[in-house]
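So the protein sequences, as listed, match chains F and W.
In terms of our numbering, the first sequence is residues 1 to 541.
In terms of our numbering, the second sequence is residues 1 to 310.
Worth flagging that the hints you see were computed from the coordinates, not collected in a lab.
Mixed in with the good hints there might be a few duds.
Stated by the list, open to error - Heads up, simulated DSBU-like pairs for lysine-lysine below, C-alpha to C-alpha not over 30 angstroms straight-line:
| id | chain 1 | residue 1 | chain 2 | residue 2 |
| --- | --- | --- | --- | --- |
| 1 | W | K42 | F | K433 |
| 2 | W | K215 | F | K488 |
| 3 | F | K353 | W | K215 |
| 4 | W | K42 | F | K475 |
| 5 | F | K501 | W | K42 |
| 6 | F | K394 | W | K42 |
| 7 | W | K42 | F | K307 |
| 8 | F | K333 | W | K42 |
| 9 | F | K128 | W | K125 |
| 10 | F | K312 | W | K42 |
| 11 | F | K501 | F | K475 |
| 12 | F | K76 | W | K42 |
| 13 | F | K467 | W | K42 |
| 14 | W | K125 | F | K172 |
| 15 | F | K312 | F | K369 |
| 16 | F | K176 | W | K42 |
| 17 | F | K150 | W | K42 |
| 18 | F | K246 | W | K42 |
Unchecked claim - Examples of chain F residues lying across from chain W (beta carbon under 8 angstroms, computed):
| id | residue |
| --- | --- |
| 19 | T249 |
| 20 | T256 |
| 21 | P418 |
| 22 | D424 |
| 23 | W442 |
| 24 | F458 |
| 25 | T459 |
| 26 | S462 |
Glycine included, each C-beta is placed from N, C-alpha and C at the ideal position.
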Amino acid sequence: MRGATHAKWAALATAVALAATACGGGGDGGGGGADGVVSSSWGDPQNPLEPANTNEVQGGKVLSMIFRGLKQYDPKTGEAKDMLAEKIETTDSTNFTVTVKDGWTFSNGEQVTAKSFVDAWNYGAHLKNNQKNAYFFGYIDGYDQVHPEKGAPTAETMSGLKVTGPRTFTVKLTQKFSTFPDTLGYAAFSPLPQAFFTDHAAWLAKPVGNGPYTVDSYSRGSQMVLKKWDGYPGTDKAQNGGITLKVYTDNNTAYTDLVAGNLDLVDDVPASQLKNVSADLGDRYINTPAGIIQTLSFPFYDPAWNKPGQEKLRTGLSMAINRDQITETIFQKTRTPAKDWTSPVLGADGGYKEICGSACEYNPTEAKKLVAEGGGIPGGTMTISYNADTGSHKEWVDAVCNSINNALGNNKACVGNPIGTFADFRAQVSTQKMKGPFRAGWQMDYPLIQNFLQPLYFTNASSNDGKYSDPEFDKLVNQANAETDTTKAVGLFQQAEEVLKGDMGAIPLWYQNGSAGYSDRVENVTLNPFSVPVYDQIKVK
Amino acid sequence: MGRYVARRLLQMIPVFLGTTFLIFFMVYSLPGDPVLGLFGDKGADPATLAAKRHELGLDLPIWQQYWNYMTNIILHFDFGTQIRNGRPVTEVLGDAFPITMQLAALAFAFELTFGIGLGIIAGLKAGRLADNAVLIFTLLIMSIPVFVLGFIIKMVFAFQLGWIEPNVSTEQNWDELIAPAIVLGGLSLAYVARLTRTSMAENLRADYMRTAVAKGLPRRRVIGVHLMRNSMIPVVTFLGTDIGALMGGAVVTEGIFNIKGVGGVIYESITRREGSTLVGLVTILVIVYLVTSLLIDLLYAVLDPRIRYA
């Protein structure tokens, strides 16, 4: 029969198509107490998990568990404390001698020595390795040779780094930078074992570090299982048996899994669920300040936005924004109205001070007056640009514009300008294509006032997208960096911030909080100032 | 027959080249810089940017990029690497496709059995109560957007009754995929039921049916062979294209149930401008469409012996 032959062909092809389907199996049971395993929400890290190549929170979570650097930031106060550093000495704020503590090893048994640090830093700085945090090593002498602005590198290692003994090395900087030791808690400065250099691909598949956890298994795009490292020599040993990081493509889904009891910790509560949080979780919800500030930047490269006297216009705009109302209604208090250009996580000693004062208070009458004195909005209408694909920016930009329009009594004063994707937004911002104010966010790398000011407002600094420039500001920042006394240095940074306030170089909007929810299986859950959960302190009941 | 299949397979080559070039070109002309996007809100230093672009070959002119891409695929089966984390695209696709195929197979089985079953009931009882019930039910399904259906199923069965887990776990077992498969296959089920019903109701009045009944054939044979075989042709056409649609991933359904399949990868690749991932995915989907349409054409001949392929 003719039909039967046809059927055979068709059946064969269908069988081939179906044969490729796979089937999974298994499940994980968790004990309680010190052996209990905590499951936590995660997102696929954007970059390979190299310390000098990780610049976002998801990869940062893993690094915070498997690495310890010379310094460690206190999860509560943000203060930089010695971790692997026995001492870091300097007499001139330019040359530093670092002594590494004895007795530290990587989880594969290899000793952590001065060389582990120097090799890691040289790797991170070298242009051929394409590390995204390479600029962190920019203060070290010889960086220009391994990472030139243009052309090929002329050296393999930075001349400013020298191993002087098994546990000592020296660092020479290109300029005075008194708080340099305090930056060394950043993940980019982590030590690396030899395996990282000899078998790089295997290391990436299963990273080995010196932190309280070791990577047990890692299936990319799906989950990472971390186990407590019993031989960890530090004092901050893990209080639980391990952490399982599960990838969620949508934070709403992660939240429903938390509520259903399939997940212990969610560190990003979706905005749409904030009203349900107290009903769903009760007191198992944390909302604490993090070192993140949102601002509105101005295109100082556009002549229309860079006229003398326009500081009044910018101050007026700042006073036209009703921060209290927006943070309350749109963000459900997961943002705090900004009162300066830094962050409250720095603390008063670290340089946080309500410098912005009345210029950040809502005052529509004064706002209208100042905007008029400042020559009015260039062209009569301004746009606030933002990327529409992530972070629900549309809501607050519309609210800010609404607030400005109401204050100025002009319905056309301000409109939002959505840009489709983040990649496009950043491309336009960094190539100076903005025609009006645009949103800017800054997450600190280390809890220092310097990190909130220099990279953002120093002339031609790496993240100075609006091209703000004030010689007085630059001078004060240089003086502050050269100052060996921390209190005096902070004072000088605050003076620089006053200059920034006078110019209103960027409008501070609000500080972003870290939010997290957890199940009743676990306790002692906190977020550090980087809004990363302090995994090692979590206890399983 | 063999020659026909060979000819159809050869025809796939120009289609394959054309679609890959179109997609490649479209991704290339999207605005934005995917490498710069990796640096987040922070500034990137130009030297690292340039080095990264060079490593990925993004500094070459588009035709040269396309040429390199295609030669790598054809000669080494290398679909390139992702921009964001340097993962080989073949590995990304290898992770995403099995789970999507699992889900698609379940959804397909669901719409096939229930769709055709409901269609037969309605078609045989055309105009009566059962028929009207099926019509109303399918109309209801067709008018509910997929995300509403997804959330309703989650609410009722996961949170109120507690029969299922709300999300698919990282193990991605078959039993966890039942609920998402029902959501995914629901809409097609309604179409299949309606197509089957109409086609059967129409063919019931055909001359050959009267002849078959007049010959005194048993009812089972009249319906099972004469009626079914003729009524299945439009349904098979629909089911064939639906396989492609199911394999193409369901962005919404996958998102609701946290399934890390093709839909999510496509969505992410578009927003992040991951050209190589997107072209790789689409290439495979194009092949799936081509192969299923070939299968459907071959199936026609099985269903209707009058159709022959030289």
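Status of each hint after checking the structure:
Only pairs whose Cα atoms come within 30 angstroms are accepted, and W/K42 paired with F/K433 is accepted, the gap being roughly 17 angstroms. For the suggested pair W/K215 and F/K488, the alpha carbons sit about 107 angstroms apart, so the restraint of at most 30 angstroms is broken. Restraint check for F/K353 and W/K215: the C-alpha separation of about 98 angstroms exceeds 30 angstroms, so the hint is violated. Of the pairs offered as hints, the one joining W/K42 and F/K475 holds, with about 23 angstroms between alpha carbons and a cut-off of 30 angstroms not exceeded.
Only pairs whose Cα atoms come within 30 angstroms are accepted, and F/K501 paired with W/K42 is accepted, the gap being roughly 22 angstroms. Between F/K394 and W/K42 the alpha-carbon distance is near 21 angstroms, which keeps this suggested pair within the 30 angstroms criterion. Simply put, W/K42 and F/K307 have alpha-carbon atoms about 27 angstroms apart, close enough for the 30 angstroms limit, and the pair holds. Distance restraint check for F/K333 and W/K42: the Cα-Cα separation of roughly 25 angstroms lies within the 30 angstroms cut-off, and the hinted pair is therefore satisfied.
Distance hint between F/K128 and W/K125 is unfulfilled; the C-alpha atoms sit about 73 angstroms from each other, more than 30 angstroms. Restraint check for F/K312 and W/K42: satisfied, since their Cα atoms lie roughly 28 angstroms apart, inside the 30 angstroms limit. Using a Cα cut-off of 30 angstroms, the hinted pair F/K501 and F/K475 holds, with the two alpha carbons roughly 16 angstroms apart. The hinted pair formed by F/K76 and W/K42 meets the criterion: a straight-line CA distance of about 25 angstroms does not exceed 30 angstroms.
Of the supplied pair hints, the one linking F/K467 and W/K42 holds, its CA atoms being roughly 14 angstroms apart against a limit of 30 angstroms. This hinted pair does not check out: W/K125 and F/K172 have alpha carbons roughly 89 angstroms apart, beyond 30 angstroms. Straight-line distance between C-alpha atoms of F/K312 and F/K369 comes to about 9 angstroms, which keeps the hinted pair within the 30 angstroms bound. Distance restraint check for F/K176 and W/K42: the Cα-Cα separation of roughly 24 angstroms lies within the 30 angstroms cut-off, and the hinted pair is therefore satisfied.
Taking the CA atoms of F/K150 and W/K42, the gap is about 20 angstroms. The hint holds against a cut of 30 angstroms. This hinted pair checks out: F/K246 and W/K42 have alpha carbons roughly 27 angstroms apart, not beyond 30 angstroms. Given hint, F/T249 at the interface with chain W, holds; its Cβ is 5 angstroms from that chain's nearest Cβ, closer than 8 angstroms. Interface hint status for F/T256: upheld, as the beta-carbon distance to the closest one in chain W is roughly 5 angstroms, under 8 angstroms.
A cut of 8 angstroms between beta carbons decides the hint on F/P418: the least distance to chain W is about 13 angstroms, and the hint is violated. Of the supplied interface hints, the one on F/D424 holds, with its beta-carbon coming within about 3 angstroms of a beta-carbon of chain W, less than 8 angstroms. Against a cut-off of 8 angstroms between C-beta atoms, the interface hint on F/W442 holds, since the closest Cβ of chain W lies about 7 angstroms away. Interface hint at F/F458: violated, since its Cβ lies 11 angstroms from the closest Cβ of chain W, which is beyond the 8 angstroms cut-off.
For the restraint placing F/T459 at the interface with chain W, the shortest Cβ-Cβ distance is roughly 13 angstroms, beyond the 8 angstroms limit, so the hint is violated. For F/S462, the interface hint holds, the least distance from its beta-carbon to any beta-carbon of chain W being 4 angstroms, beneath 8 angstroms.
Of the numbered hints stated above, those contradicted by the structure are hints 2, 3, 9, 14, 21, 24 and 25, listed in ascending order.
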